[in-house]
Structure formats: structure tokens, C-alpha cells
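*Asks:* The residues making up each chain are set out below.
2 protein chains.
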Amino acid sequence: MKRRELVGQIKAKKSFLCVGLDADIHKLPKHLLQDADPVFAFNQAIIDATADLAVAYKPNLAFYESLGVRGWDSLQRTLEYIPADCFTIADAKRGDIGNTADMYARTFFNTYDFDSVTVNPYMGEDSVTPFLKFEGKWAIVLGLTSNAGAADFQYFTNEAGTPLYKHAMQKMASWGTPENLMYVVGATRPAELGELRQMLPEHFFLVPGVGAQGGSLAEVYENGANADVGLLVNASRSILYASSGPDFAEAARAEAMRLQLEMAALMEQ
Amino acid sequence: MKRRELVGQIKAKKSFLCVGLDADIHKLPKHLLQDADPVFAFNQAIIDATADLAVAYKPNLAFYESLGVRGWDSLQRTLEYIPADCFTIADAKRGDIGNTADMYARTFFNTYDFDSVTVNPYMGEDSVTPFLKFEGKWAIVLGLTSNAGAADFQYFTNEAGTPLYKHAMQKMASWGTPENLMYVVGATRPAELGELRQMLPEHFFLVPGVGAQGGSLAEVYENGANADVGLLVNASRSILYASSGPDFAEAARAEAMRLQLEMAALMEQ
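Line by line, the protein sequences are chains A and B.
If you want my numbering, it's the position in the first sequence, counting the first as 1, plus 6.
If you want my numbering, it's the position in the second sequence, counting the first as 1, plus 6.
If you are wondering where the hints come from, they were derived from the structure by calculation, not from laboratory data.
Backbone N, C-alpha and C define an ideal beta-carbon position, used for all residues, glycine too.
One or more of the hints may lead you astray.
To be verified - Pairs of lysine-lysine residues, derived as DSS-like cross-links and limited to a Cα-Cα distance of at most 30 Å, are as follows: (1) A:Lys20 with A:Lys8; (2) A:Lys177 with B:Lys36; (3) B:Lys139 with B:Lys8; (4) A:Lys8 with A:Lys139; (5) B:Lys143 with B:Lys177; (6) A:Lys19 with A:Lys8; (7) B:Lys33 with A:Lys139; (8) B:Lys36 with A:Lys139; (9) B:Lys139 with A:Lys33; (10) B:Lys139 with A:Lys36; (11) A:Lys143 with A:Lys19; (12) B:Lys8 with B:Lys143; (13) A:Lys139 with A:Lys17; (14) A:Lys143 with B:Lys33; (15) B:Lys139 with B:Lys17; (16) A:Lys33 with B:Lys33; (17) A:Lys177 with A:Lys8; (18) B:Lys20 with B:Lys8; (19) B:Lys177 with B:Lys139; (20) A:Lys143 with A:Lys20.
As the list claims (entries may be wrong) - One-sided excerpt, in silico: chain B residues whose CB lies under 8 Å from chain A: (21) Gly130; (22) Glu141; (23) Glu165.
Based on the sequences and whatever the hints tell you, model everything.
*Replies:* Structure follows, in C-alpha cells:
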């Protein structure tokens, strides 16, 4: 999906919500476990309940890989089920030397038809650029993540006072364009988000950390939005597991709608 | 596999060779493509030809994932075929927030029964420690990698003159022990390897970059060995694709034996 289409979807739906499809087999509503493919049955219900409210879906690969071959089957079925007007993100956080990165890019863009894949930048340029060579496809590189461990290395600071995450994000901007490169910036760090938006006015930011991790949507918008909105805010557990009972899909819809209505209000300010 | 067993294997085989199983379907000898599972057929022949010369095997996950479900089947069959006296490495370079890292750890240690998995440290402590909680299993964290892109962020240096890779490797030593934590250090950087061995006298280093990437085995040993050897030197393409004809397995054995004999000579110095 091209940037223009993504921005169009955000404006049409008045939403920049990304639903994280972290379908944990151990947390699925009990009645689904009788299904031949419980993970797909769960995702299907979640997608049906949220597709008019969300502009993107982000399966977290760990949850599929952990099930072995049948997990990859569930992933493929889920990807095919996501409506064409929604942006798809393989949350895989891959990163390896050039020839291997190239193989990962072909996996997620050819073997599977994702619009984007999350990429870990630790190994540098040849680990990132293979993901930038596919028309209409995106690399979403880790910048400043939402977890506690982000403090360990991402804030490692040079003599000039620049932390690694900022140095890395600036440098990576020269490898791609706002048409094929996004950044992960955690919702739990609104002050840094504002500085990063100053530094990178045009790029999309994928923002996890609203919901279970405690980030504020209003603060994210205030600090991170640009003229095209330029944000995809992800919520996973707060939507997927809003109820553990037979009403899980309605509860997921209610939580997604709560977020979408807040997004629409922020966009109309 | 425990450290003591791994060191025992190295001493018994006079080898610290790890064979990287990067089976690229586009590079396999033509006659194998008629097999129902060409990747497994190839790996099986490579393992048969090298199992007395190597102490470890390292499937590179990208090459299996790129084939979708049948790639994961080939991986499972390959893993089951590797002899029990060889150490197994899932070269996956995973790294994510705590609950996801935990899922990845369960994938590679429970769903699949690998001895170890490579881990990317960019996201910090909660992305690494879930891999350290399994008895007899290992996290192999990226330290200083062998590729050109390593220069981009791994050499990012603080006010005290310490580069990120060194800071990260030192810090991660406090998260695990030499019994459950190894580091990736590229063979293409022998001077740094020597400094890192001073800093971390006991830990194993997994060393890629000998072979196709041009690193020297003698320099690696001279700079990186400790009393237990403490090295696993990986070669992938130089062994796997030593010949593209029907004699690929014999050619692979010849290249593995060349490396093993050089290793034995270095160990006997």
C-alpha cells in the first residue's frame, strides 16, 4: 500500500488505529479451542469486529511461530482475511546481514504479501536496505521502543549528547524515504516523540504502548501528529482480551471504538 | 546442551566448527529439486558429510521461513536429524518486548528443541532475559557483527570512548552466565575480538565471517581462544556450495575437513 492510500484511509475512517493480532493460544476464549484453527477463528472474529474502525493490522510473528507449522497456516489465513483497504504489518523485528535480510524481505513481501515488516537496525545499513527495494512495501525500523529495556542501549549517548535512538533514526532517514520507511516510537515516551517529530516531520511513526503498556493517546497525538496524521497507534492486548468470554468480539469492538472515537476527536481539533 | 558437554565435544573432535545450514533453494544442486523435500535432502547430505568434523549446526531461519510452511517442515526434520552430540543454534536474531521474547524463547526451546537461539539486544534487558530461563539452553546475543553495516551503530561511541558493542556486551554479561550466554563476534574484526576476550575471558563467542566473508581462522583463534577454546567458528556458504554438482557433499566434506584440520593444528599449538 502506498503512502497516499494509507493517508486516505486514515482520513476516511477518522482513525489511525492499528490492531495488534497477538493471538495467544493460552488466552483465547475457551469455546474457540474446539475449532480446527482456533487462532484464525479468533482473528477472524476480531477483524470482523474492528475492520471499520482500524486502518492497520499487525500480527506479532512470535505468537504464530510458537505453534509451529499450524501457526504459519493461521498467519496465512489471517493475512488473506484482512480487508484490502487495511495496511498490514508483519511484526517480525528481523535484522541480519545483507543476503539474509534480502531473504527475509522476500519472505514477508513475496511468500507472504504483507505491506510492511518491522526491522531491527542493530546490524546497520545492509540489514535494512533490502526491505526498501519493493514497490509499495515498507520497512518499519525500531527507533525508540516502548519497553523498560529501551533504556539499556537506545539511550546510550555520544560525546555530543545524542542518544543512539536519535542518531540511528536520523541516519536511517537517508536510506529510505517517507514513502517506504516508518519508525517504531513507543507511546510511553511522549517528550521524545515530540522531538523526533521535529527531526522527522514527514515519516510515519508506528506507536505501540497505548493500552496494556499505559501510554496516552492524547499525548501521542499532541506530540507526534503531522499534517497527514503520520501515526499508526497500535493496541493489542487491550482490544483482543477485553473479554475472555463468548462476548470477546463485542468487547473488542467496544474498546476499538473507544479508541477510534478518541482518535476522531483528536483529528477534528 | 551444557557448557561442559560442549567443551568436551570440542576437545574430542579437535574442532570448533559450526556449519551454517543456509539452504537456499535457488542454489541447491539441480538433481535434488526432484526430491519431495529438497532442503531436507540437502541438509541431510551435508550433515552426513560433516557430523564427525563439526560440533555445531546453525540453521539460518530466513532460508526456511522464505519457503512458508514447507520450510518449517524442512527445519523440523533437519533439527531432528542433527546428531545429539552436536550443539544446535537457531539463527533467528529475535528480539522483542518481554512477553513476546518469552514467546520466542518457548518457540525455539519447546516447540522446537534447539540448544540456543541468536538474539538481537537493541531492545534491552527484557528482550534478552526470557531466553536465559531454560535449563541447558542458551541465548547467543549479537555483539560485534561481521557485516559492513556493523560500523553504522555498533561503533557509536560514548564520551568515555566506549563503543556501543562493548558497552552492550559488558552489560549483558550481568544478565546471564558463561553457562547460558554466548556472544556473536565477527571474524572480520580480529583486533576487537582480542579486546573482547580480555573483557569476557570465560564466555563462548560464536564467530561468523570465516569463509565467504573473508575472516582468518588463525587470527580468530589467536585473538579469541580461551582455556576451553571458547569459540564456535561458523562457515556456511563456503561449505554448502563448495560444489554445485552431484559431488556437493564430498566437496562440502573436503572444505569442512580443511577447516577442522586447521582447527586441530591451532588447538595443538
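*Asks:* So, for every hint listed, does it hold in this structure?
*Replies:* These are the hints, each one checked on the structure:
1. A:Lys20 with A:Lys8: holds, 18 Å
2. A:Lys177 with B:Lys36: violated, 42 Å
3. B:Lys139 with B:Lys8: Distance of about 14 Å is within 30 Å: holds.
4. A:Lys8 with A:Lys139: holds, 14 Å
5. B:Lys143 with B:Lys177: Holds: Lys143 of chain B and Lys177 of chain B sit about 20 Å apart, inside 30 Å.
6. A:Lys19 with A:Lys8: Holds, because 17 Å separates the two Cα atoms, which is no more than 30 Å.
7. B:Lys33 with A:Lys139: Since the Cα atoms of Lys33 of chain B and Lys139 of chain A sit roughly 22 Å apart, the hinted pair holds (cutoff 30 Å).
8. B:Lys36 with A:Lys139: Within the cut-off at roughly 29 Å; holds.
9. B:Lys139 with A:Lys33: holds, 22 Å
10. B:Lys139 with A:Lys36: holds, 29 Å
11. A:Lys143 with A:Lys19: Holds. Lys143 of chain A to Lys19 of chain A sits at ~22 Å (cutoff 30 Å).
12. B:Lys8 with B:Lys143: holds, 8 Å
13. A:Lys139 with A:Lys17: holds, 27 Å
14. A:Lys143 with B:Lys33: holds, 26 Å
15. B:Lys139 with B:Lys17: Holds, because 27 Å separates the two Cα atoms, which is no more than 30 Å.
16. A:Lys33 with B:Lys33: Violated, because 42 Å separates the two Cα atoms, which is more than 30 Å.
17. A:Lys177 with A:Lys8: This hinted pair holds, its Cα atoms lying about 23 Å apart.
18. B:Lys20 with B:Lys8: holds, 18 Å
19. B:Lys177 with B:Lys139: holds, 18 Å
20. A:Lys143 with A:Lys20: With a Cα-Cα distance of about 23 Å, the restraint between Lys143 of chain A and Lys20 of chain A holds, given a limit of 30 Å.
21. Gly130: holds, 2 Å
22. Glu141: For Glu141 of chain B, the interface hint is violated, since the closest Cβ of chain A sits about 19 Å away, which is over 8 Å.
23. Glu165: Given a least distance of 5 Å, the restraint on Glu165 of chain B holds.
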